[in-house]
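Participant: Whole structure, please, built from the sequences with the hints as guidance.
Quick note, the sequences are listed as chains A and B, same order.
The opening residue of the first sequence carries number 1 in the numbering used here; numbering runs sequentially from there.
The opening residue of the second sequence carries number 1001 in the numbering used here; numbering runs sequentially from there.
It is possible that part of the hints are untrue.
Partial selection, computed: residues in chain A whose CB lies under 10 Å from chain B [claimed, not checked]: (1) Gly88; (2) Gly93; (3) Leu158; (4) Val176.
What the simulated footprint calls covered on chain A by chain B, stretch by stretch (three residues with Cβ under 8 Å from a Cβ of chain B suffice, anywhere in the stretch; the number is not a length) [said to hold, decoys possible]: (5) 8-22; (6) 43-50; (7) 73-79; (8) 94-101; (9) 107-120; (10) 128-136; (11) 165-175.
Hints are computed from structural coordinates only; laboratory data are not their basis.
Backbone N, C-alpha and C fix where the C-beta goes; we use that ideal spot for every residue, glycine too.
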Amino acid sequence: MMSIILALVIGAGFGAVLDRVGASNPTYIGKMLNLTNLNLAKSIMLAIGTGSVLMFGGQMLGLVDVGHMSVKTAYFGVFLGGIMLGTGWALAGYCPGTGVVAAASGRKDALFFIAGGLFGAAAYMLTYPSWKASGFLDAVAGGKVTLGTVPGAKYDGLTTLPGDLVGLLLGAVFIVIAFALPERIIRPEPTVEPAE
Amino acid sequence: MPLNWKAGGFLLGLVFFLAVLLVKPIGVSTQFVILDGILGDVVNAELVTQTDEGYTSTNAYLAKSNGKYAKSVANPLNYSFVFVLAMALGGFVSMRLRGGMDAVERSVPALWRANFGNSQLLRYAATFLGGFIVLYGARLAGGCTSGHMMSGMMQTALSGYIFAAGAFAAAVPVSLMLFKKEA
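Facilitator: Following this line, the structure appears as structure tokens:
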């Protein structure tokens, strides 16, 4: 029961914040990905940095349970799947979470995204045995690894560097990048004045 | 108008932190599989079945990892599934509180209109196709923007960096090709 209450509270908070940062608005996603407005990218970088600093800082102070970490396996399909997701994300302007939030906030095109997503997930469920057999899902570089070795974690480190310090430092780097990123990279085309 | 990036980014980071502090890192795309499983089990009751040790499925993907997904399909009132339903609730309330959006924007967002016009059919076809590719890719990768990119990089997971590299390597060029006109 407690876990359901936490799911309701944290889930609703996540949905509301995604709406407020503009992540469920395809126009903001598009402007970030075509590099004409990086404010959302700055938010995302700051979020990763903030989360990282709080989590690893909390672990070092003994306030955050290291056992709550959940690290996914690294394999070649992660990169390939990332390319597919990136392509669809740019086309639709939605990813799985923001698509759900957008549909709930009244966007009808997001309902079609969710429908397509259910078919896409079902297609993967049916083709999973061939991916499994292909070797694309075989772990690389140790599989479930963090960049450093986090004390007390059930995951190995890619390096023997202290993982909590690495996390704290990378978190700080993400925050610095968030502030350093310009608001836009691609400038609008200069409007050509017709010759007199 | 969205929150300014500093307030928004900090709040977003706080939510990701609270999730890992209280329960576990945030992830979303698995729940599309769980919903598919729930729908599939309605059509074909043999899809997910109970065993002595837990649950299994005639679908190899639902049956993997000792029927972890099959178990969630059989018990939809679990943390991860309710979490995604709650996200919808949060998005709905947040949009209500800031006054909703106009009818045109509800079907075809501004940047898409500026580049491809007002056709709802074209927009719906594009988002359907996009959704298919996104979720197929997310399941192949084992996670999406939330689970791999945000939660993963936050934990310094190697897989999160690999995923983000692939996602942006595709998303930026595709977006540059598609959206040349500004909204």
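Participant: If a hint holds in the structure, say so; if it doesn't, say that too.
Facilitator: Tested hints:
no., hint, in the structure
1, Gly88, "holds, 3 Å"
2, Gly93, "holds, 6 Å"
3, Leu158, "holds, 6 Å"
4, Val176, "violated, 13 Å"
5, 8-22, "holds (count 15)"
6, 43-50, "holds (count 8)"
7, 73-79, "holds (count 6)"
8, 94-101, "holds (count 8)"
9, 107-120, "holds (count 13)"
10, 128-136, "holds (count 5)"
11, 165-175, "holds (count 5)"
Comparing the model with each earlier hint shows a violation of hint 4 alone; every other hint is respected.
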